[in-house]
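Each chain is listed here by its residues.
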Amino acid sequence: MFPRNTWYVACTPDEIVDRPLGRRICGERLVFYRGADGKVAALEDFCPHRGAPLSLGFVRDGQLVCGYHGLQMGCNGKTVAMPGQRVQGFPCIRSYPVVERYGFIWVWPGDAAQADPASIHHLEWADNPEWAYGGGLYHINCDYRLMIDNLMDLTHETYVHASSIGQKEIDEAPVNTRVEDEEVITSRFMENVMAPPFWRAALRANSLPEDAPVDRWQICRFTAPSHVMIEVGVALAGRGGYDAPPEVKASSVVVDFITPETATSHWYFWGMARNFKPQDTELTAAIRTGQGKIFGEDRDMLEQQQENILRHPERKLLMLNIDAGGVQSRRILDRHLKNELPA
Amino acid sequence: MFPRNTWYVACTPDEIVDRPLGRRICGERLVFYRGADGKVAALEDFCPHRGAPLSLGFVRDGQLVCGYHGLQMGCNGKTVAMPGQRVQGFPCIRSYPVVERYGFIWVWPGDAAQADPASIHHLEWADNPEWAYGGGLYHINCDYRLMIDNLMDLTHETYVHASSIGQKEIDEAPVNTRVEDEEVITSRFMENVMAPPFWRAALRANSLPEDAPVDRWQICRFTAPSHVMIEVGVALAGRGGYDAPPEVKASSVVVDFITPETATSHWYFWGMARNFKPQDTELTAAIRTGQGKIFGEDRDMLEQQQENILRHPERKLLMLNIDAGGVQSRRILDRHLKNELPA
Amino acid sequence: MFPRNTWYVACTPDEIVDRPLGRRICGERLVFYRGADGKVAALEDFCPHRGAPLSLGFVRDGQLVCGYHGLQMGCNGKTVAMPGQRVQGFPCIRSYPVVERYGFIWVWPGDAAQADPASIHHLEWADNPEWAYGGGLYHINCDYRLMIDNLMDLTHETYVHASSIGQKEIDEAPVNTRVEDEEVITSRFMENVMAPPFWRAALRANSLPEDAPVDRWQICRFTAPSHVMIEVGVALAGRGGYDAPPEVKASSVVVDFITPETATSHWYFWGMARNFKPQDTELTAAIRTGQGKIFGEDRDMLEQQQENILRHPERKLLMLNIDAGGVQSRRILDRHLKNELPA
Chain A
1 MFPRNTWYVA
11 CTPDEIVDRP
21 LGRRICGERL
31 VFYRGADGKV
41 AALEDFCPHR
51 GAPLSLGFVR
61 DGQLVCGYHG
71 LQMGCNGKTV
81 AMPGQRVQGF
91 PCIRSYPVVE
101 RYGFIWVWPG
111 DAAQADPASI
121 HHLEWADNPE
131 WAYGGGLYHI
141 NCDYRLMIDN
151 LMDLTHETYV
161 HASSIGQKEI
171 DEAPVNTRVE
181 DEEVITSRFM
191 ENVMAPPFWR
201 AALRANSLPE
211 DAPVDRWQIC
221 RFTAPSHVMI
231 EVGVALAGRG
241 GYDAPPEVKA
251 SSVVVDFITP
261 ETATSHWYFW
271 GMARNFKPQD
281 TELTAAIRTG
291 QGKIFGEDRD
301 MLEQQQENIL
311 RHPERKLLML
321 NIDAGGVQSR
331 RILDRHLKNE
341 LPA
Chain B
1 MFPRNTWYVA
11 CTPDEIVDRP
21 LGRRICGERL
31 VFYRGADGKV
41 AALEDFCPHR
51 GAPLSLGFVR
61 DGQLVCGYHG
71 LQMGCNGKTV
81 AMPGQRVQGF
91 PCIRSYPVVE
101 RYGFIWVWPG
111 DAAQADPASI
121 HHLEWADNPE
131 WAYGGGLYHI
141 NCDYRLMIDN
151 LMDLTHETYV
161 HASSIGQKEI
171 DEAPVNTRVE
181 DEEVITSRFM
191 ENVMAPPFWR
201 AALRANSLPE
211 DAPVDRWQIC
221 RFTAPSHVMI
231 EVGVALAGRG
241 GYDAPPEVKA
251 SSVVVDFITP
261 ETATSHWYFW
271 GMARNFKPQD
281 TELTAAIRTG
291 QGKIFGEDRD
301 MLEQQQENIL
311 RHPERKLLML
321 NIDAGGVQSR
331 RILDRHLKNE
341 LPA
Chain C
1 MFPRNTWYVA
11 CTPDEIVDRP
21 LGRRICGERL
31 VFYRGADGKV
41 AALEDFCPHR
51 GAPLSLGFVR
61 DGQLVCGYHG
71 LQMGCNGKTV
81 AMPGQRVQGF
91 PCIRSYPVVE
101 RYGFIWVWPG
111 DAAQADPASI
121 HHLEWADNPE
131 WAYGGGLYHI
141 NCDYRLMIDN
151 LMDLTHETYV
161 HASSIGQKEI
171 DEAPVNTRVE
181 DEEVITSRFM
191 ENVMAPPFWR
201 AALRANSLPE
211 DAPVDRWQIC
221 RFTAPSHVMI
231 EVGVALAGRG
241 GYDAPPEVKA
251 SSVVVDFITP
261 ETATSHWYFW
271 GMARNFKPQD
281 TELTAAIRTG
291 QGKIFGEDRD
301 MLEQQQENIL
311 RHPERKLLML
321 NIDAGGVQSR
331 RILDRHLKNE
341 LPA
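Residue numbers (UniProt numbering), protein chains in the order written: chain A, 1 to 343; chain B, 1 to 343; chain C, 1 to 343.
Just so you know, not all the hints are guaranteed correct.
All copies of an identical chain are treated as equivalent in the list; a pair is satisfied when it fits inside any one copy or across any two copies.
Claimed, not checked - Calculated cross-link-like contacts (lysine-lysine; reagent style DSBU-like; alpha-carbon spacing at most 30 Å):
#1 K168 <-> K78
#2 K293 <-> K168
#3 K293 <-> K277
#4 K168 <-> K39
Everything labelled a hint here was simulated from the structure, so no lab data went into it.
Could you put together the complete structure from these sequences and hints?
So, in structure tokens, the structure goes:
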């Protein structure tokens with residue numbers, strides 16, 4: 001269903017400022033919090049005393065304190081103390097490898113011995129003053145792979161997002177799909193088209209004419225377990241397209257981290273990184289609002305697609321050329337899953 | 001559970017004006033829309049491409065277009081086109097016989113080869129300028145047969161609808177039940193009684209004295225699969241009752257189409273047809289509002305009755321004389337069901 | 001799961017003033033109402049005619065009348081009459097022993113032959129003009145035994161009720177647990193401490209200084225099946241504590257009746273009885289409001305604890321010294337359950 005020996009985005013730092021965060025990931029209930037020295041910790045959300053969720057507690061002096069009877073839990077899953085009790089014999093709860101990097105908190109739900117922070121997906125736009133990032137989080141009731149399919153085939157923009165980023169030329173442009181090592185890439189180039197509303201606004205924001213014809217591109221990159229980074233942009237027509245100089249284009253990276261919650265639900269971390277006017281925080285907020293609205297349009301479709309599929313498990317869906325990105329991504333996932341099987 | 005080789009009311013024309021309508025009928029998810037030439041079509045609500053519900057799409061040039069990736073579906077269940085794709089090999093989805101008649105859209109969920117529009121229940125009051133009709137739709141969480149029982153035994157009016165159409169004389173009047181071919185008829189006649197509030201208003205609307213004693217009648221007619229037409233009315237006492245001349249009575253036909261959604265839920269199309277003051281649209285609206293309120297009173301009772309029955313599947317309910325209408329109606333349904341079994 | 005041959009609090013008189021009350025107790029649906037002479041009756045909530053819930057009906061002349069078709073049910077479960085029907089052959093529904101006492105309505109869900117009203121838990125503060133009582137009812141989605149655990153170990157006050165009745169000295173005071181016949185008693189005494197907000201208000205209400213050091217006590221008494229009475233109070237420090245004279249203390253009895261609804265839900269009747277200023281109805285209302293807020297704080301914790309336990313049925317929870325009250329209470333319940341097994 002989902003690989004476990006891998007890093008997933010679990011939450012963002014703002015979600016654990018005031019109190020611990022309980023979140024289900026890959027079917028397991030976890031609690032995230034900042035422990036000693038502000039270091040992020042992830043534990044089973046289960047107090048070994050009476051089974052209360054630790055996420056209903058609070059953090060004191062770097063220890064997670066159960067909100068029911070005050071058991072103090074260490075970030076390694078061992079009870080540190082409890083009022084009036086000897087705790088040496090208390091059973092441990094599971095702790096999870098967790099890393100804070102690039103403005104996200106990453107968790108490894110699988111075998112801790114294999115967890116190598118160096119294998120976290122590199123984000124070239126993060127922690128880079130030439131880039132700005134804004135994003136959000138949606139909870140979506142469908143298999144995380146349906147979201148991967150969605151993002152690896154952007155023909156749906158014409159239909160689901162008709163009023164913002166869709167345009168008929170997407171459908172008309174052939175899609176190219178290729179696999180490079182552990183990466184699946186689908187790409188589309190449209191030449192000499194008029195920009196749809198979202199890109200007109202971006203051209204305006206970048207001090208470019210919004211009514212001039214543009215060359216438009218979409219390059220979707222999937223990497224396991226469920227990251228999809230999409231280079232998108234428009235350049236004044238005939239100025240080099242994707243390779244045009246910065247002053248005649250508006251471009252960005254759509255950022256998608258898709259973290260399974262259960263077999264039929266996931267946490268969808270969406271956002272956009274851009275390398276024009278990175279200091280313009282109002283622009284960041286405006287883009288975030290617009291993107292949030294657009295990306296919310298997929299939810300109803302994906303959730304009802306999931307319901308339809310659950311009702312008809314016997315039906316084989318079509319795998320057209322436009323679906324090749326999703327198909328290839330699932331192959332990589334299947335290989336990961338096979339590698340995790342006991343020998 | 002429910003016959004399939006029969007016509008059910010699926011929806012009303014106003015439900016498919018702006019967009020396709022997804023509706024579950026006899027356990028199956030269908031999409032209804034107006035295709036070429038405004039002709040109504042009914043299909044499985046399942047896009048053969050990736051399983052999206054077609055009801056989330058739209059109609060363009062008489063084709064149903066999937067709202068996810070633009071597949072164009074024909075009203076026969078064969079894909080017509082899809083941007084950038086050859087569609088000849090696409091699997092068909094199921095199409096359903098569907099007919100628009102009498103102000104309703106009728107669907108045949110069973111074997112299409114047997115679907116004969118001539119067998120649609122004739123409605124003498126429809127498309128007739130001497131009659132006016134107003135009605136509505138309720139979703140009710142109970143077996144559609146509990147609603148048939150409800151409508152074939154109007155003693156419940158005294159209790160469920162005490163403030164509008166109920167009166168103690170209903171309980172006191174003997175019910176007569178008979179079966180004529182494929183029709184079950186229960187009838188009750190009350191002589192020289194005072195009209196309850198709903199009928200006082202109808203007398204007033206018909207320019208008759210509301211305080212005079214009346215003769216009142218209720219004649220319920222069930223026909224398969226789940227239509228119950230009820231002739232109801234009052235006439236000034238001693239003027240012929242049911243057979244009294246129009247100028248001394250107020251009468252109408254209560255119209256009930258009960259369409260199974262699942263084994264324990266149904267769509268309840270209710271309404272009233274009358275042949276007095278048919279041009280008075282304000283009166284039609286007032287009657288519709290009043291009837292909607294009254295018919296909504298049954299919902300809580302029926303849904304909780306269903307829950308009680310589900311909790312006690314082992315208990316045999318009583319079948320009294322007042323229940324004979326429901327019992328006979330179920331016999332007809334059982335015969336239909338038996339006929340549908342594979343030989 | 002829960003003993004049946006015992007008395008549970010089913011409801012309070014104000015719940016059956018206007019209409020019958022449907023309530024699920026020990027897994028069974030019951031209807032409560034006042035029958036002939038205002039005497040409370042309890043029956044299965046199932047009309048023998050067509051399975052409608054009798055709680056949707058009404059009471060007329062001491063008979064419960066079904067709201068669907070007017071069947072009149074007697075308080076012994078035998079149908080008394082029905083319009084136009086002979087009812088002698090109608091099947092009986094179950095009636096339950098029920099007693100109104102101490103301002104509560106008590107029901108015996110088990111073998112009626114064993115139901116002895118004399119065995120109802122005596123409440124010394126009820127029907128006593130020197131005492132005042134105020135309380136309320138919460139529906140809680142957890143095993144009733146988790147609530148017993150909660151109430152027999154008040155260390156949770158420090159964490160769950162930090163802003164009202166919690167204080168660190170509770171944790172620091174050793175708990176004493178003992179079993180006397182069929183009663184489990186846990187007790188805690190804190191000497192020379194400052195009163196927390198709830199008790200400061202009580203001192204004020206009792207015309208005592210709220211800033212003076214106090215001796216505080218908590219004595220929890222469990223009796224089967226699920227009653228927990230807690231003597232709580234504070235006295236000016238050094239004046240005798242629990243045994244101090246009335247004029248230097250504020251004390252009361254926390255009243256808890258915990259009635260199982262299903263295996264994982266219960267009705268929680270909470271309240272407080274006090275023997276100071278019993279005529280002060282404003283004080284009663286103020287205490288009730290404060291207690292209602294405090295006791296509502298447990299709900300989220302208990303319901304999520306229940307969910308965690310259901311997810312991990314294989315895990316053995318810890319049983320520390322502070323848990324001994326709950327552990328001993330469950331032993332008594334287990335003995336009751338064993339006694340109810342068929343020989």
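We went through each hint and held it up to the structure:
In this assembly of identical chains, K168 and K78 lie within 30 Å of each other by CA distance solely across copies; the values are 23 Å between and 58 Å within a copy. In the homo-oligomer, the alpha carbons of K293 and K168 lie at most 30 Å apart inside one protomer (21 Å), although the nearest pairing across protomers, at 48 Å, exceeds that limit. Taking the closest pair of Cα atoms, K293 and K277 come within 30 Å of each other only inside a single copy of the chain (22 Å); across copies the shortest separation is 51 Å, beyond that limit. For the homomeric pair K168 and K39, the shortest alpha-carbon distance between copies (28 Å) is at most 30 Å, but the shortest distance inside one copy (48 Å) is not.
When held up to the earlier numbered hints, the structure conflicts with none and fits them all.
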